[in-house]
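**Q** Chain residues, written in single-letter form:
2 protein chains.
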Amino acid sequence: MTEITIIEPARIEARSFEIITEILGNKTFPAEQQGIIKRVIHTSADFDYADNLVFGHNAVKSGVAALKAGCTVVTDTRMAFAGINQKNLSKLGAAKACFIDDPQVMEQAKAGGVTRAAMAMELAARDAKNSIFAIGNAPTALLMLRDLILAGKLSPALVVGVPVGFVNVVEAKELFMELNVPYIVAKGRKGGSNVAAAIINALMLEALK
Amino acid sequence: MTEITIIEPARIEARSFEIITEILGNKTFPAEQQGIIKRVIHTSADFDYADNLVFGHNAVKSGVAALKAGCTVVTDTRMAFAGINQKNLSKLGAAKACFIDDPQVMEQAKAGGVTRAAMAMELAARDAKNSIFAIGNAPTALLMLRDLILAGKLSPALVVGVPVGFVNVVEAKELFMELNVPYIVAKGRKGGSNVAAAIINALMLEALK
Chain A
1 MTEITIIEPA RIEARSFEII TEILGNKTFP AEQQGIIKRV IHTSADFDYA
51 DNLVFGHNAV KSGVAALKAG CTVVTDTRMA FAGINQKNLS KLGAAKACFI
101 DDPQVMEQAK AGGVTRAAMA MELAARDAKN SIFAIGNAPT ALLMLRDLIL
151 AGKLSPALVV GVPVGFVNVV EAKELFMELN VPYIVAKGRK GGSNVAAAII
201 NALMLEALK
Chain B
1 MTEITIIEPA RIEARSFEII TEILGNKTFP AEQQGIIKRV IHTSADFDYA
51 DNLVFGHNAV KSGVAALKAG CTVVTDTRMA FAGINQKNLS KLGAAKACFI
101 DDPQVMEQAK AGGVTRAAMA MELAARDAKN SIFAIGNAPT ALLMLRDLIL
151 AGKLSPALVV GVPVGFVNVV EAKELFMELN VPYIVAKGRK GGSNVAAAII
201 NALMLEALK
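Line by line, the protein sequences give chains A and B. If you're matching positions, the first sequence starts at 1 in the UniProt record's numbering and goes up one per residue. If you're matching positions, the second sequence starts at 1 in the UniProt record's numbering and goes up one per residue.
These are computed hints drawn from the structure, not numbers from a lab. On a predicted model such as this, the values are computed, not experimentally measured, just so you know. Even glycine gets a Cβ: it sits at the ideal position worked out from N, Cα and C. Hints are supplied without guarantee of correctness; some may be wrong.
[As the list claims (entries may be wrong)] If you want a taste of the chain B side facing chain A, the calculated C-beta under 7 Å gives, among others:
(1) I12
(2) A14
(3) S16
(4) I19
(5) V54
(6) F55
(7) G56
(8) R78
(9) A82
(10) Q86
(11) K153
(12) K187
(13) K190
Please construct the entire structure, taking both the sequences and the accompanying hints into account.
**A** Below, the structure is given as structure tokens:
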């Protein structure tokens, strides 16, 4: 009944990436970052991400290696968790986890006067050898990871630090980028659970190549 | 251990909305649209949404009434589903549903050569009196809703039409806005599961006032 010419589903993604590449024009990126930057633009239709994603300390190489080794990806929200492609995780023998609604986390966050997201990171870090952390929402989660890293309690394979927002967000990202760990951070206010999931999904596609 | 002054969690959201209001400056919106537009900006840090959200046919009034009556909110993705606040849904006696990974949907989509998202809408529409549909990803889902409405098979309380992307997306939204049903659409390429969830969450806050 629909009158417009619909491009068939199987072609949509490839065509979308062609259009993104056309719009980016002469802009180039390091080869290993390209797939990630374009997938974030694909998920947001926001070309600001061509300029604001910062890759630190062999982020892509370290993240891809961890995924190939079957690591766990810890997210701060159920949305980011839901957005990470389960099929590709399974192919890699990797897993995802989110402790935001864990009863222990809820209880201890209340008792300690910290955010649930921060407490969820504390819990995840207790058993997090070679893990990837994907933070799309809570700057307090990113700051907790920083505290754990500085205290020598955590050595992540990669931290995707893309919380979004107007309070504490820019500051948390700037502080995190001073650390000597692999990270992918969206400078400024922008980011989100969708962006965090897109970055993990792009890394998985690299790992499956 | 963190050196920056962290605004306490309970104040973050209120302060964020104050900052958004400051940045918007003299820009004003109809009273009932304000909370929705600001919450979408809060979730994306993207002020383009101050200009691209279109409200058709008493969208807010109709959506809020349906939520107060305990309607079901049908989403196209698990991400949008995860992003809709369950506590507030429960307070309203409302529910959320997503059929994208329903075995029947997967089978029939394959057999019919259509997207799973479109088939999921077809299934949802069979029992959708007074429902709200929230589409953050798939333009094919929006076009399927349009076909069902034109065929007299569906009369939704509200359609949140905010798929994101580069192929079929702008066209699907433009076609949808010709319909005589309550809708909230993000004109252009932008949108996303996070935006769809934010709009539903904002409507619930209106309904709970």
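**Q** Hint by hint, note whether the structure agrees.
**A** Verification of the supplied hints:
no., hint, in the structure
1, I12, "holds (5 Å)"
2, A14, "violated (9 Å)"
3, S16, "holds (4 Å)"
4, I19, "holds (4 Å)"
5, V54, "violated (16 Å)"
6, F55, "violated (20 Å)"
7, G56, "violated (19 Å)"
8, R78, "holds (4 Å)"
9, A82, "holds (4 Å)"
10, Q86, "violated (9 Å)"
11, K153, "violated (11 Å)"
12, K187, "violated (12 Å)"
13, K190, "holds (5 Å)"
Of the numbered hints given earlier, the model fails hints 2, 5, 6, 7, 10, 11 and 12; all others are met.
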